[in-house]
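A.B. asks: Numbering of the sequence shown is given in our numbering, commencing with residue 31 and proceeding in unit increments.
Worth flagging that the hints you see were computed from the coordinates, not collected in a lab. Glycine included, C-beta positions come from ideal geometry on N, C-alpha and C. Treat the hints with care, since some could be wrong.
Stated by the list, open to error - Computed Cβ-Cβ distance ranges for the label pairs, DEER-style:
1. 76 / 50: 31 to 41 Å
2. 141 / 207: 36 to 46 Å
3. 221 / 158: 17 to 27 Å
4. 229 / 199: 24 to 34 Å
5. 142 / 35: 14 to 24 Å
6. 189 / 50: 15 to 25 Å
7. 222 / 47: 34 to 44 Å
8. 239 / 147: 13 to 23 Å
9. 102 / 155: 23 to 33 Å
10. 66 / 130: 19 to 29 Å
11. 66 / 160: 17 to 27 Å
12. 151 / 202: 32 to 42 Å
13. 62 / 34: 37 to 47 Å
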Amino acid sequence: MAFLDTNIIEQLKGYFNKISEPIEIVSFLDDSQKSVELQAFLTEIDEISNKVNYTKKSFGEDASLEEKLEITRPVSFSLLKNGEKTGINFCGIPGGHEFNSFILAVLGLAGLGRKLEGDQLSKVAAVDKHLNIETFISLSCTKCPEVVQALNLIASNNPNITSSLVDGGVYPEEVAEKNIQGVPVVYINGNQAAIGEQTLEQLIGLVVSA
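Go ahead and model the full structure; you've got the sequences and the hints to work with.
C.D. replies: Below you can see the structure in the form of structure tokens.
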């Protein structure tokens, strides 16, 4: 089953061809059906342009890389630029409303999207401690992408910060364990930090004060 139709592929070709330095996608998969689906999705993305390249790894195959990228779940992938960590991870398949979050993350790393400037940038750049941010979402949630996209932008501007989208539909055990009743829910270093809709300014405030 194809994830992308012809119109979307043609649009993405136009966007990806503007990328000057290739973006790399590295997946970490197990033998689950969701991993099969993620592999198919990322393979379709890989075939669009040589500016966005995909590498598959088995979850647990490269423990040092997983630790470096802060990958702790199978059915996950990380975005790299020039072989280096960007701080942007997706745990699950970014379909539905989160497809745009994925594409905007790729374009943002290529310098083609939204940017932090002025006071926003200086606040984020000044964070000097390690922050592992996880945002639990559902693919049908209309308020989740704004939070995910803002946190990806924040993470891409500070190497101390990692932002991971976590699709609760792929990890229901975690949702139950954390007693998550609604999304988005943001965790910072394992502690719940925010629930529901958040603006970029609010999220910067959370990160700075974490």
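A.B. asks: A separate judgement is required for each hint: does it hold in the structure or not?
C.D. replies: Comparing the hints with the structure gives:
no.: 1; hint: 76 / 50: 31 to 41 Å; in the structure: violated, 18 Å
no.: 2; hint: 141 / 207: 36 to 46 Å; in the structure: holds, 39 Å
no.: 3; hint: 221 / 158: 17 to 27 Å; in the structure: holds, 19 Å
no.: 4; hint: 229 / 199: 24 to 34 Å; in the structure: holds, 26 Å
no.: 5; hint: 142 / 35: 14 to 24 Å; in the structure: holds, 23 Å
no.: 6; hint: 189 / 50: 15 to 25 Å; in the structure: holds, 21 Å
no.: 7; hint: 222 / 47: 34 to 44 Å; in the structure: holds, 41 Å
no.: 8; hint: 239 / 147: 13 to 23 Å; in the structure: holds, 21 Å
no.: 9; hint: 102 / 155: 23 to 33 Å; in the structure: holds, 26 Å
no.: 10; hint: 66 / 130: 19 to 29 Å; in the structure: holds, 24 Å
no.: 11; hint: 66 / 160: 17 to 27 Å; in the structure: violated, 33 Å
no.: 12; hint: 151 / 202: 32 to 42 Å; in the structure: holds, 37 Å
no.: 13; hint: 62 / 34: 37 to 47 Å; in the structure: violated, 22 Å
Hint compliance for this structure: hints 1, 11 and 13 are broken, all remaining hints hold.
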